[in-house]
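By the count of my numbering, the sequence shown reaches residue 1423 at its end, each step adding exactly one.
Hints in this document: simulated from the structure, not taken from any laboratory.
Take these hints with a grain of salt, some might be off.
With a Cα cut of at most 25 Å, we get these calculated SDA-like pairs of lysine to any residue [said to hold, decoys possible]:
hint : residue 1 : residue 2
1    : Lys1208   : Ile1181
2    : Lys1208   : Gly1222
3    : Lys1208   : Ala1228
4    : Lys1208   : Asp1198
5    : Lys1208   : Ile1236
6    : Lys1208   : Thr1234
7    : Lys1208   : Leu1190
8    : Lys1208   : Gly1273
9    : Lys1208   : Ser1244
10   : Lys1208   : Phe1189
11   : Lys1208   : Asn1245
12   : Lys1208   : Thr1182
13   : Lys1208   : Gly1241
14   : Lys1208   : Gly1355
15   : Lys1208   : Cys1262
16   : Lys1208   : Asp1257
17   : Lys1208   : Trp1253
18   : Lys1208   : Gln1177
19   : Lys1208   : Gln1174
20   : Lys1208   : Ile1271
21   : Lys1208   : Pro1240
22   : Lys1208   : Gly1218
23   : Lys1208   : Val1275
24   : Lys1208   : Thr1247
25   : Lys1208   : Val1175
26   : Lys1208   : Thr1220
Remember, it's a predicted structure, so these values are computed and weren't measured experimentally.
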Amino acid sequence: QVDQAPAITDPISDYFLCETSDPGDGVEVFDLLSKDVEILNTQLGITLGYYTTQADAEAGTNIIPNPGTYSNVTNPQTLWVRADNSAGCITVLSFDLIVGGVPEYTVVPMYEQCDDLVLDGITEFDLNTQNALITGVNPVLNVSYHPTQVDADGNINPLPIPYTNTINPEIIFVRVEDNTTGCYETFEMELVVVPPPDIFMPDPLEYCDPDNDGFGEFTLTDADSQVTGGIPTGNLQVTYHYLLEDAQNG
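Model the full assembly from the supplied sequences, consistent with the hints where possible.
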């Protein structure tokens, strides 16, 4: 009598997890039992066991005692599964545990924008202008902006671009995802609308004309203190222009 060996899934797909617990160490906790359904493929009467070597799997020794909470020891790591049926026949197959690293990016904690003509602390933010700084122009990284941490984790409800803040300051959540692995990280970004500095009309600069020709040399910076209302010029930069348009455009 020749009994049939268990016809479990061959090949078994690799088990992939994104790194979350301690970024950089390549170690995660795997629930090996979650592979049972795929491996058995609706077959009944088969017992599965997980092993770290092929020899152990074939001999049925040194079974992994905690398959529901198994931490990998290398990345990637090959594990072996042994299937036993009631006839005492076995099938042994392997699959890999793979831990995907978190994306490398730069946190931008604050995005400041000058207020618009209506000085109400509300203005438009072109959030995409921050993408290059965050990703370092890495083409495999995708950046999206969300109103809540839950939305960022679920990659749902992205904010429109441009985005108009609702309060000042306002916290939004940035999701940085690796397009090749699907692994992602999030961080908070504070949107801050900065009001323009107060400006004051200075007194006229006067010059005593020794030759009465109507021309003289003026030190325009003498007006700085009155223009700024006495605020030290280390905090404000004052420049002087021929035309209003020039002043507005800097």
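Hints and how they fare:
1. Lys1208 to Ile1181: holds, 11 Å
2. Lys1208 to Gly1222: holds, 11 Å
3. Lys1208 to Ala1228: holds, 21 Å
4. Lys1208 to Asp1198: holds, 24 Å
5. Lys1208 to Ile1236: holds, 16 Å
6. Lys1208 to Thr1234: holds, 20 Å
7. Lys1208 to Leu1190: Cα-Cα ~13 Å, so holds.
8. Lys1208 to Gly1273: It holds: about 18 Å lies between the C-alpha atoms, which stays within 25 Å.
9. Lys1208 to Ser1244: holds, 15 Å
10. Lys1208 to Phe1189: It holds: about 11 Å lies between the C-alpha atoms, which stays within 25 Å.
11. Lys1208 to Asn1245: holds, 15 Å
12. Lys1208 to Thr1182: Roughly 10 Å between the alpha carbons, so the hint for Lys1208 and Thr1182 holds.
13. Lys1208 to Gly1241: Status holds; Cα separation ~10 Å.
14. Lys1208 to Gly1355: It holds: about 20 Å lies between the C-alpha atoms, which stays within 25 Å.
15. Lys1208 to Cys1262: holds, 21 Å
16. Lys1208 to Asp1257: holds, 16 Å
17. Lys1208 to Trp1253: With Cα atoms ~12 Å apart, Lys1208 and Trp1253 stay inside 25 Å; holds.
18. Lys1208 to Gln1177: holds, 22 Å
19. Lys1208 to Gln1174: violated, 32 Å
20. Lys1208 to Ile1271: holds, 14 Å
21. Lys1208 to Pro1240: Answer holds: Lys1208 to Pro1240 is near 10 Å, not above 25 Å.
22. Lys1208 to Gly1218: holds, 16 Å
23. Lys1208 to Val1275: holds, 24 Å
24. Lys1208 to Thr1247: Measuring from Cα to Cα gives roughly 19 Å; hence the hint holds.
25. Lys1208 to Val1175: Violated, at about 29 Å.
26. Lys1208 to Thr1220: Answer holds: Lys1208 to Thr1220 is near 13 Å, not above 25 Å.
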